[in-house]
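Just need the whole structure built from these sequences, with the hints factored in.
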Amino acid sequence: MKARELFEKLKKELDNFSIYDIIMVRSFIEKDAKYLPPQYKNHYVEAMMKYLIETFNEIKKKKVEEIKDEEIDEEKLNEMLKRIEKFRKYNTEDEERFINLSKILCPYLAFIDRKPLHPEYLTFPGNVKIIKKGSIYYCPVKNKQLNEYSLCEFCVAKSMDELENES
1 MKARELFEKL KKELDNFSIY DIIMVRSFIE KDAKYLPPQY KNHYVEAMMK YLIETFNEIK
61 KKKVEEIKDE EIDEEKLNEM LKRIEKFRKY NTEDEERFIN LSKILCPYLA FIDRKPLHPE
121 YLTFPGNVKI IKKGSIYYCP VKNKQLNEYS LCEFCVAKSM DELENES
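Position 41 (the sequence shown) corresponds to 41 in the numbering used here; numbering is contiguous.
The hints are simulated quantities; they were obtained by calculation from the structure and are not laboratory data. Please read all numbers here as calculations on a predicted model, not as lab measurements. Do not rely on the hints blindly, as some may be mistaken.
[Said to hold, decoys possible] Taking CB as the label site, the calculated pair distances span: (1) K41 to E66: 30 to 38 Å; (2) K132 to K62: 19 to 27 Å; (3) K63 to N143: 35 to 43 Å; (4) N78 to E30: 25 to 33 Å; (5) L36 to E71: 32 to 40 Å; (6) E46 to N78: 27 to 35 Å; (7) L81 to N127: 14 to 22 Å; (8) I131 to M49: 21 to 29 Å; (9) K89 to E164: 33 to 41 Å; (10) I53 to L81: 20 to 28 Å.
Where is the CB? At the ideal position from N, CA and C, for every residue including glycine.
Written out as structure tokens, the structure is:
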């Protein structure tokens with residue numbers, strides 16, 4: 001599959017989302033963040049919602065002609081979509097909306113726009129952030145989150161360890 005074909009598909013799916021869906025996604029993110037340390041919880045919710053809305057609007061405004069029409073690794077794409085389906089814990093309507101939106105935004109970020117799945121302005125526990133050097137992103141938590149449920153392996157960001165090894 002080519003990037004433009006994937007983009008057209010994602011953009012069409014995004015047309016099914018309303019402001020009501022975004023509100024439900026926020027509700028889910030707030031519930032899901034309940035176990036975060038209190039000092040990070042509000043920041044996490046606000047940063048993720050900001051990034052979600054920015055990415056949502058970017059897809060809405062972007063034209064297919066603006067997409068570099070590269071080949072997409074469909075095996076990786078399908079694995080990412082299966083992984084997102086594994087996020088299910090609560091079987092609630094807001095969780096369903098979150099999963100459906102994630103199945104649009106995450107492939108766009110990882111395979112088309114080539115941006116990290118978390119925003120650069122998100123502060124992770126330990127007061128660390130994603131860093132961009134030139135066109136390369138480095139994530140401080142990538143190696144700590146690699147498991148069967150995370151999407152880290154699909155993210156364009158490299159591990160912060162790689163930046164430290166280059167220095």
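Results of checking the hints against the structure:
1. In this structure, K41 and E66 meet the distance hint of 30 to 38 Å, their C-beta atoms being roughly 36 Å apart.
2. At roughly 21 Å, the beta carbons of K132 and K62 sit within the given window of 19 to 27 Å.
3. In this structure, K63 and N143 meet the distance hint of 35 to 43 Å, their C-beta atoms being roughly 37 Å apart.
4. For the pair N78 and E30, the beta carbons lie near 30 Å from each other, so the given range of 25 to 33 Å is met.
5. Look at L36 against E71: about 38 Å separates their beta carbons, and that is inside 32 to 40 Å.
6. Taken as a hint, the range 27 to 35 Å holds for the pair E46 and N78, whose Cβ atoms sit roughly 32 Å apart.
7. For the pair L81 and N127, the supplied restraint of 14 to 22 Å is violated, since their beta-carbon distance comes to about 33 Å.
8. At about 22 Å, the beta-carbon gap between I131 and M49 stays in the expected band of 21 to 29 Å.
9. At roughly 34 Å, the beta carbons of K89 and E164 sit within the given window of 33 to 41 Å.
10. Between I53 and L81 the CB atoms are about 22 Å apart, so this pair conforms to the stated range of 20 to 28 Å.
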